[in-house]
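Asker: Please build the complex by placing chain B on the supplied structure of chain A, with the hints as guidance.
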Amino acid sequence: MSTLTQPKLPTSERFSQLFGKYIYIAVGIIIVILLIGRIIFVARQESYPLSYWTFQVINGLVLGGVYALVALGYTLVYGILFMINFAHGEVLMMGGFAGFFALQYMTSIGWANGTALQSTLTIVFMMLAGMIVSVITGIVLERLAYRPLRGAPRLVPLISAIGASFFLQYTALLVFGAVPHNYRKPSVIDGVWKLGDSGIIISYTGAFIFITSILMLLGLFIIVQRTKMGKAMRAVAEDKHIAALMGIDVNKVIVFTFALGSALAGAGGVMLGLHNTVIRFNTGFLPGLKAFTAAVLGGIGNVLGAMIGSLLLGLLEALGPSALGLPTEYKDVIAFSVLVLVLIFRPSGIVGEVLSEKKA
Amino acid sequence: MAMLEVKNIHTYYGNIHALKGVSLHVDQGEIVTLIGANGAGKTTTLRTISGLLKPRQGTIFLNGDDLTKYPDHEIVYQGIAMVPEGRGVFSRLTVLENIELGAYSRSDRGEIEANTQRVFQMFPRLEERAKQVAGTLSGGEQQMLATGRALMANPKILLMDEPSMGLAPILVEGVFDTIVEINKEGTTILLVEQNALMALQVADRGYVIQTGEIVLNDTAENLRRNPEVQSAYLGIN
Numbered sequence: 011m012s013t014l015t016q017p018k019l020p021t022s023e024r025f026s027q028l029f030g031k032y033i034y035i036a037v038g039i040i041i042v043i044l045l046i047g048r049i050i051f052v053a054r055q056e057s058y059p060l061s062y063w064t065f066q067v068i069n070g071l072v073l074g075g076v077y078a079l080v081a082l083g084y085t086l087v088y089g090i091l092f093m094i095n096f097a098h099g100e101v102l103m104m105g106g107f108a109g110f111f112a113l114q115y116m117t118s119i120g121w122a123n124g125t126a127l128q129s130t131l132t133i134v135f136m137m138l139a140g141m142i143v144s145v146i147t148g149i150v151l152e153r154l155a156y157r158p159l160r161g162a163p164r165l166v167p168l169i170s171a172i173g174a175s176f177f178l179q180y181t182a183l184l185v186f187g188a189v190p191h192n193y194r195k196p197s198v199i200d201g202v203w204k205l206g207d208s209g210i211i212i213s214y215t216g217a218f219i220f221i222t223s224i225l226m227l228l229g230l231f232i233i234v235q236r237t238k239m240g241k242a243m244r245a246v247a248e249d250k251h252i253a254a255l256m257g258i259d260v261n262k263v264i265v266f267t268f269a270l271g272s273a274l275a276g277a278g279g280v281m282l283g284l285h286n287t288v289i290r291f292n293t294g295f296l297p298g299l300k301a302f303t304a305a306v307l308g309g310i311g312n313v314l315g316a317m318i319g320s321l322l323l324g325l326l327e328a329l330g331p332s333a334l335g336l337p338t339e340y341k342d343v344i345a346f347s348v349l350v351l352v353l354i355f356r357p358s359g360i361v362g363e364v365l366s367e368k369k370a
Numbered sequence: 015m016a017m018l019e020v021k022n023i024h025t026y027y028g029n030i031h032a033l034k035g036v037s038l039h040v041d042q043g044e045i046v047t048l049i050g051a052n053g054a055g056k057t058t059t060l061r062t063i064s065g066l067l068k069p070r071q072g073t074i075f076l077n078g079d080d081l082t083k084y085p086d087h088e089i090v091y092q093g094i095a096m097v098p099e100g101r102g103v104f105s106r107l108t109v110l111e112n113i114e115l116g117a118y119s120r121s122d123r124g125e126i127e128a129n130t131q132r133v134f135q136m137f138p139r140l141e142e143r144a145k146q147v148a149g150t151l152s153g154g155e156q157q158m159l160a161t162g163r164a165l166m167a168n169p170k171i172l173l174m175d176e177p178s179m180g181l182a183p184i185l186v187e188g189v190f191d192t193i194v195e196i197n198k199e200g201t202t203i204l205l206v207e208q209n210a211l212m213a214l215q216v217a218d219r220g221y222v223i224q225t226g227e228i229v230l231n232d233t234a235e236n237l238r239r240n241p242e243v244q245s246a247y248l249g250i251n
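Going down the list, the sequences are from chains A and B.
Counting in my numbering, the first sequence runs from 11 upward without gaps.
Counting in my numbering, the second sequence runs from 15 upward without gaps.
It should be emphasised that the hints constitute simulated quantities derived from the structure, not laboratory data.
All residues carry an ideal CB built from backbone N, CA and C; glycine is no exception.
Do not rely on the hints blindly, as some may be mistaken.
List time: in silico EDC-like cross-link candidates among lysine to aspartate or glutamate, alpha-carbon distance up to 20 angstroms [said to hold, decoys possible]:
# : chain 1 : residue 1 : chain 2 : residue 2
1 : A       : Lys262    : B       : Glu125
2 : A       : Lys238    : B       : Glu44
3 : A       : Lys238    : B       : Glu125
4 : B       : Lys198    : B       : Glu44
With the C-beta cut set under 10 angstroms, the calculated list includes, among others, these residues of chain B facing chain A [said to hold, decoys possible]:
#  : residue
5  : Lys68
6  : Gly72
7  : Phe75
8  : Gly78
9  : Asp79
10 : Glu88
11 : Val90
12 : Pro98
13 : Val103
14 : Ser105
15 : Ala117
16 : Tyr118
17 : Arg163
18 : Ala167
With the rest of the complex left out, here is chain A:
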């Protein structure tokens, strides 16, 4: 890594640079004070019972788990190709639809609401279908939309990604129509736990989603940290030429990375379907952007950062509106305000490293 020497600037510019920095800090402090003030103000009114808050925390963790699965796709691809795969949300949507059709089939043969085993197998089948279709989508995307543009300026694959995103969305609109398709929960995860008289409620679906995402994140962590392929991925992320010298087939690693990220997105798509109980052609768009926000929040390119950023964003979205005394519709505003604030105050994210010249 090269050390950059700061070029000597004329005094006036140095002054404005310094001044600009203080303005940032001042604005940051004002924002934090305003937010804290508002939270205290709302909290003193005691509009919500404790059970409501615990419900929202659980909700936030569930959402965060799904975001994490999706955010990893962004961060893994970014780590290796330094491009944002803006069609990733559509990869999720394709997985969601595959899960939907798998569910329909299983319902038609009576398994979805059959015995506990049949119902569990239904979920497994849905997840597999979603992951497989997403993996295929991701690999085709890489082959057709990104690989031909490898080596082009960084803006070019980005535009290609946005194009691919629209292409997939409107293809889905054409094929599946604009109406929302209902995900009817398989019986085994349809229900809630009530914790005594506290009024705290945990849905089976929420528990299933959270536990499954944590398990998948762990699996991914092991793949990246412990396996030969994971090491190859990290080597390619750092230097493709040296990686090739080691005998690593860089293209194979890139395809594997897309496949891995897409598999997680596919699982996320199915879970999101179960969580929202509906799926549409544009289902992937907003979660895609949110997961991207989460990846940036954690530090894009960093696996651990994506996980932390996602859980944090999920919690912010679930708790933020109520804590600020706003209607829940404001959760998207909060999520994207976080994106803007992170980009202004800490572009490298929570655990991200400062980008070196080579990457930037």
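Answerer: Below, chain B alone, put in the same frame as chain A:
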């Protein structure tokens, strides 16, 4: 027959004609050095042999097998490993992970383990720092790591690109001792160096490259005595 035979290669960077018909050969068990000034084409020659650059013309044979037909990542499977210029260690990976990646092209776990032990024996410092992230190593240690990593591929021939670059003089001696040691254990070496004095002391033969062409080719001893080489590369007038 020569082990590595480079015949009349022409390599370009875009429109820049960097190698204009370079030919050289390395026999089994030799240390051969390629010396020359900055920008003469030393690194380009090594990068072409290791497959990172494709020559527009010419052939590279390793034990009679044409290497130019392989994609870059398959060259190491043919028995060529490289210690790249500037060491090129994976700085965010641990020392041990770097070493393991050196053996990426192999699958026999037992042999890889034995090889790791050999590398640790050669560079005890690497064993001490095995769990450390490679970016935290000193320049000399990174050079050891890059060399150890290349040896993990168990190459027939080792290409070394400026192993002494940027190291303190006291460490440079160590680097050349290592080169001799590796060679004694049976690995053939093609060494590119700006430190021509040291390189010609350890090498059996040498080539002098100038603006993409081999201009001299002799035993290391004769090159050391050659007045032109002395004045141009050895700093002796």
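Asker: Hint check: is the beta carbon of Ala117 (chain B) less than 10 angstroms from a beta carbon of chain A?
Answerer: holds (9 angstroms)
Asker: Given the hint that Lys238 (chain A) pairs with Glu125 (chain B), test it: the Cα-Cα distance must not exceed 20 angstroms.
Answerer: holds (16 angstroms)
Asker: Glu88 (chain B) was flagged as interface toward chain A. Is the shortest Cβ-Cβ separation under 10 angstroms?
Answerer: holds (7 angstroms)
Asker: May I ask you to test the interface hint for Gly78 (chain B) with respect to chain A, counting a Cβ-Cβ separation under 10 angstroms as satisfied?
Answerer: Hint violated; Gly78 (chain B) Cβ to chain A Cβ min 21 angstroms, cut 10 angstroms.
Asker: For the hint on Lys68 (chain B), just tell me whether its beta-carbon gets within less than 10 angstroms of chain A.
Answerer: violated (12 angstroms)
Asker: Check whether the Cα positions of Lys262 (chain A) and Glu125 (chain B) lie no farther apart than 20 angstroms.
Answerer: Not satisfied, since the Cα-Cα distance of roughly 26 angstroms exceeds 20 angstroms.
Asker: Given Val90 (chain B) was flagged as interface, is its beta-carbon under 10 angstroms from a beta-carbon of chain A?
Answerer: holds (4 angstroms)
Asker: Closer than 10 angstroms between Cβ atoms is the bar; does Phe75 (chain B) clear it against chain A? Give me holds or violated.
Answerer: violated (20 angstroms)
Asker: Asp79 (chain B) was flagged as interface toward chain A. Is the shortest Cβ-Cβ separation under 10 angstroms?
Answerer: Check failed: Cβ of Asp79 (chain B) comes no nearer than 16 angstroms to chain A, outside 10 angstroms.
Asker: Does the closest beta carbon of chain A sit nearer than 10 angstroms to the beta carbon of Tyr118 (chain B)?
Answerer: holds (5 angstroms)
Asker: Are the Cα atoms of Lys238 (chain A) and Glu44 (chain B) separated by 20 angstroms or less?
Answerer: It is violated: about 34 angstroms lies between the C-alpha atoms, which goes past 20 angstroms.
Asker: Quick check on the hint: Arg163 (chain B) CB to chain A CB, less than 10 angstroms?
Answerer: holds (8 angstroms)
In terms of the numbered hints stated before, the structure departs from hints 1, 2, 5, 6, 7, 8, 9, listed from lowest to highest.
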